[in-house]
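Using the sequences provided together with the hints, build the complete structure.
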Amino acid sequence: MTKWNLIVKVGRCENCNNCVIASRDEHVGNDFPGYAAPAEAVGDSLIRIQRRVQGSAPMVETTYLPVMCNHCDNAPCMARAGDAIRKRDDGIIIIDPVKAKGRKDIVKSCPYGAIVWNEEQQLPQTWIFDAHLLDQGARVPRCQQSCPTEVFEAVKLDDAAMQKKVVAEGLRPLRPELNTRPRVWYAGMDRWTTCFIGGSVSHEADGLIDCTKGAEVRLIRDGSILSTTLTDDFGDFQFKGLIGDGSAYRVEASHAMGTAVQTCELTDSVYLGELRLT
Amino acid sequence: RDGSRRFTTCTNGGPLFVYVKDGKILRVTPIEYDKNDPESWVIEARGRKFSPPRRGLVAPHALAMKSMVYSDKRILHPMKRVDFDPDGERNPQNRGKSGYVQITWDEALDIVSKEINRQKRVHGPGSITFPMSSHHMWGNVGYYLSSLMRFANLIGFTRVAANPDSWEGWYWGAMHHYGNSMRIGVPAGYGGVEDALKEAEMIVFWSCDPESTNGAYAGFEGTPRRLWAKELGIEFVHIDPHNNPTAQLLGGRWLPVRPQTDAALAQAIMYVWVTEGLYDKDYVASRTTGFDDWKAYLLGETDGIAKTPEWQEAETGVPARDVRALARKWGGRKVYLAVGMTGAGFGGAGRGATGTQWARCMVQMMAMQGWGKPGVNFGALQIGAPNDLHFYFPGYADGGISGELLWTGNAVNNYQRMPHILTMNPVKQMVPRQQLPDAILTGQATGYLWDGISQEAQFAPFTYPMPGYSPIHMIYRYGGSSMSTVTRSGRWIDAYRHESIEFVVNQSIWMEGEAQFADIILPACTQLERWDIGEWCNSGGYAHHGTSLVNHRVITMQHKCIEPLGESRSDYDIFTAILSRLGLGAVFTEGCSELDWVKRVFDSSDLPDHVSWKAFCRKGYHMVAPAKESLRAPVDMRWFAEGRNKDLPEPHPLPSQFAEKFGTGLQTPSGKFEFLPELFRRHTSDNPERQPLNHYIPSWEGMRNTELASRYPMQLIATHSRYSFHTHADGKNSAINQIEDHRALIAGHRFWLLRLNPADAAARGIGHRDLVKVYNDRGAVICATDITPLVAPGVLKSYEASAEYQMVEVAGETVEIGGCLNLLTSDRPQVRGTSSMAPNSCLVEIEKWANADVFRQARAA
Ligand SMILES: Nc1nc2c(c(=O)[nH]1)N[C@H]1C(S)=C(S)[C@@H](COP(=O)(O)OP(=O)(O)OC[C@H]3O[C@@H](n4cnc5c(=O)[nH]c(N)nc54)[C@H](O)[C@@H]3O)O[C@H]1N2
Ligand SMILES: Nc1nc2c(c(=O)[nH]1)N[C@H]1C(S)=C(S)[C@@H](COP(=O)(O)OP(=O)(O)OC[C@H]3O[C@@H](n4cnc5c(=O)[nH]c(N)nc54)[C@H](O)[C@@H]3O)O[C@H]1N2
Ligand code: SF4
Ligand code: SF4
Ligand SMILES: [Ca+2]
Ligand SMILES: [Ca+2]
Ligand SMILES: [Mo+4]
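So the protein sequences, as listed, match chains A and B. The opening position of the first sequence corresponds to residue 844 in the working numbering, with each subsequent residue numbered one higher. The opening position of the second sequence corresponds to residue 37 in the working numbering, with each subsequent residue numbered one higher.
I should point out that these hints are in silico values taken from the structure, not numbers from a laboratory. Some clues are possibly wrong.
Ranges of calculated distance between the beta carbons of each label pair, as one might list FRET restraints [stated by the list, open to error]: (1) N681(B) to V896(A): 26 to 36 Å; (2) G59(B) to E996(A): 35 to 45 Å; (3) V896(A) to I733(B): 30 to 40 Å; (4) P876(A) to G288(B): 41 to 51 Å; (5) A1011(A) to A816(B): 56 to 66 Å; (6) E1117(A) to S746(B): 21 to 31 Å.
Here are the simulated DSS-like pairs of lysine-lysine, each with C-alpha atoms no more than 27 Å apart in a straight line [stated by the list, open to error]: (7) K1056(A) to K266(B); (8) K1083(A) to K266(B); (9) K852(A) to K266(B); (10) K664(B) to K596(B); (11) K85(B) to K852(A).
A virtual CB, placed ideally from N, CA and C, is assigned to each residue, including glycine.
Here it is as structure tokens:
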């Protein structure tokens, strides 16, 4: 039995919102009996783009994360809704546009906030993976069709094959601790969850300040060196993949022109600014 | 399979399939190519082969099309202002205040045509004006440069002479160093994609955000190419007060520069090149003039100030060490300089007080680095794809059905290919677009020409009124964008209410912007409700060969997908009805329906050699096969760098404009790149703002303007809106309007966003998504905040072109809540002696909106 999964490549989304608009275009003014009643022209979107900005000028990194219904195999919304929500054999979750009428209570049952309340229709609604189009032979959902940077990849695989892919490609669902078993998977989630420590090394020579290229920079925690890197043409360095758990870090830079030291407590990514060698 | 029928259209953001069922648009999707379409081009670079995706990468505003057609802001019936009586009291002072009553088409058309005749009878030529906007729904027949131009010519009108708003700094500045007047002073970009992928080591994005501005009409077609460059290890640098969406996607070093100080930064880079010998000395010696004077200026020999990285730091806020590092990196590598929307021209830095200085610096830098040599050119992998540029299909600026030979590109190809009745506006009087309200209010204005034929035309002033003609007494407005696209736009309100304006008619699709100032409103329909034909990204005219911006040349039948909504009619249809009342109907139509004209455009192009009319109509589009590898366009400026005759497929300079021999050298008097342009020496040496030597002159509305800056310490840049295309797709409850990074829903109203640095927000006690008042002496606009480290401190980044113009009075305070930030910008030209706009030099202050709670309560009630 093959089932639908959606893979989302983190770091490739540029927040163009084409997927968001395409999903609105699909549902606003259109009734798909058995799948979804018309969406509202104004109001919340079924697909949303979340933003994370790390660091500060000039060292910033921005990540956009498309989120939508995860089509969970262990769906809290189903537990709440009874027969108003069903799971299809191909894995897709459908909120019944007739049986769910008036069920505002269902909105809150989704821990991902993926359900939108349609005031006009008095209906909870969610992203249905374009099931109505797939059933007519479409190969991909509209978000994938309209995305300029190929963020999405919809795949129809049996669960064992999907599991292999998950392991091979390091895919992760959103908030695995909820144990909802989502069918939407994220590749490269580290960019969303981890932090960096960065800075710019400089030195004085002949009365002028210059960027220091090729300085050795060490990242130290609890007295031991975690990582070493070299500065680039702008004297910039960056340590990535750190956990923002409040740990204290020490950064040491050294070069023929001198040394510099900075410390920080890491809760979110930090740009330390200029480290002047002396 | 669901009973729908697939139609095709093209938009400002790319071609779409339009699915229609039971007379209603079901959905629009990006175009997808099939196996019968020609194969895509392949570029080989550094051992890899690259080919574009087989689908159209369209813009968000394209995909929002259905939501705009079915917008609840559509004007569905002709209307008359309640207190406007054409035969009695006209009450001009109430424009924008009083409401409307529905009238019949017959009544509306009678009033308009009678008034046209009355104007001619009572005032004579020139009393009517047709202010036109820069953009339009896509196509060759319905475009404003086509039908509207033909209509206006048949009536006669005072021309509102546009300023080169997109090009400003390039036209008034950079052009004189190297020519290219036909492109309004921007580089051509030929061959840039392949050359950059093969040769470039670094791309410096300078005021360049193609992920937002899309090369104007190309959607995201350039995006995969930039991602290829990233895969190839080409390095990126971004010089912009905003870490813009392009910088966010690609990464690379960001140099957050204070707005309108870029010329100082550029000069410091050139200073390092000079002092460290990091420039192309042979090229400078053999291909340029005036370098010694320029060098003397950089070194401080001219004015006692060496243009060092330390000197620029106080101006730009960019650390001297970063400038030195960049200069050294750049000097030692093959670098593409990416400026503005195409990567080869435009850019918000060119739309401010120092716009000409910046654009001049950009070409000066390239001349120092060997402009045209492999890997050394302008471009952002946005312009210059290896498409077949020889296949003829007209662009929108080529004049369509206008019959106008002087003010469109008609004469070049279109007119010979599609002979049609010539039309001509007999009125010589003109009024400069940015000064139109002043012309109405004060009775006079002076402007300077925008002309693509020569470098010289711009030095000639023209004045309004012109002897022999009537001042303006009637405005026939088509659309209504001025409130948010013209500088210091509050002037418009008084102009519309001025007693000299006897009649205002507005022909619009949506009730927005200026429509509410009209006496009579004529409801037009969208492009999906009428026939047209157009090629993706083919604007023609000054953007000659603009189709190299997209990955495949695609010419679309623009089907009439549905019937016009309500009583709305196509613009062509409305013009026909008015002109029929004046006895000119047949002259206008030549007996043709819009579909007949579409067929005539089809026949005039190279399409019939490749596809039958029937097959074209049925399939909805035709893809032009890419150029054979041997026939790909040469790289721009390569001929110049190599000292050969010019070999580019462009019709300029004109034969008379070469310095020595036809085909040899640039359009400048010397035929060389001129560091100190001869044309400035000849024509503007008495103008301190337009000197041959490109001095750094601080912005007249910037941080050096200390008195003003002490009251208004924030620099506002309202640049081109990412999700909407100017006013198109914003407002009107469109899908774009719902985007969280476009507008914020607060108290039931969607507020325009203002992006600012956390430090500036904290200093003023402003939080994320607070309502703030942005103000200066010119007015006050309420926006919602987006607090983000992506904006340099001291800078407010927002967008121009809100479609909504809404003045409200809250607790005795009058503010605008639609987002018309041009209410706050200066109407001074960037440099004296030009008709140019400088909106990116704008000082303001912001504060948490004190009346936000009153507003909330009023809305909740
Ligand atoms: N989505 C969309 N695309 C469009 C348009 C649109 O309205 N919407 N309009 C089209 C048209 S008509 C045009 S002319 C082009 C315009 O294209 P551009 O002229 O390239 O666009 P801008 O947005 O004005 O400026 C680009 C970048 O310059 C930065 N900038 C502003 N001021 C300065 C400055 O002083 N110095 C520096 N270094 N950077 C600065 C801005 O932050 C922005 O990131 O876009 C076209 N494309
Ligand atoms: N602050 C600031 N201001 C700027 C700029 C900036 O960078 N900063 N950029 C400038 C630039 S480069 C430009 S190009 C201008 C653009 O400024 P404008 O040209 O004024 O803006 P548009 O929104 O393109 O205006 C098009 C109008 O035509 C109408 N229209 C479109 N299609 C049709 C149709 O089929 N029928 C009818 N009847 N009407 C139609 C639309 O509804 C709209 O009112 O803005 C300039 N203003
Ligand atoms: S994401 Fe939410 S709405 Fe979707 S299946 Fe899971 S619990 Fe239900
Ligand atoms: S279409 Fe793609 S790039 Fe655009 S917002 Fe959606 S996921 Fe991101
Ligand atoms: Ca170089
Ligand atoms: Ca001209
Ligand atoms: Mo423009």
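The hints, checked one at a time:
{"no.": "1", "hint": "N681(B) to V896(A): 26 to 36 Å", "verdict": "51 Å, violated"}
{"no.": "2", "hint": "G59(B) to E996(A): 35 to 45 Å", "verdict": "36 Å, holds"}
{"no.": "3", "hint": "V896(A) to I733(B): 30 to 40 Å", "verdict": "35 Å, holds"}
{"no.": "4", "hint": "P876(A) to G288(B): 41 to 51 Å", "verdict": "50 Å, holds"}
{"no.": "5", "hint": "A1011(A) to A816(B): 56 to 66 Å", "verdict": "57 Å, holds"}
{"no.": "6", "hint": "E1117(A) to S746(B): 21 to 31 Å", "verdict": "29 Å, holds"}
{"no.": "7", "hint": "K1056(A) to K266(B)", "verdict": "22 Å, holds"}
{"no.": "8", "hint": "K1083(A) to K266(B)", "verdict": "19 Å, holds"}
{"no.": "9", "hint": "K852(A) to K266(B)", "verdict": "16 Å, holds"}
{"no.": "10", "hint": "K664(B) to K596(B)", "verdict": "35 Å, violated"}
{"no.": "11", "hint": "K85(B) to K852(A)", "verdict": "23 Å, holds"}
The structure does not agree with the numbered hints 1 and 10 stated previously, though it agrees with the rest.
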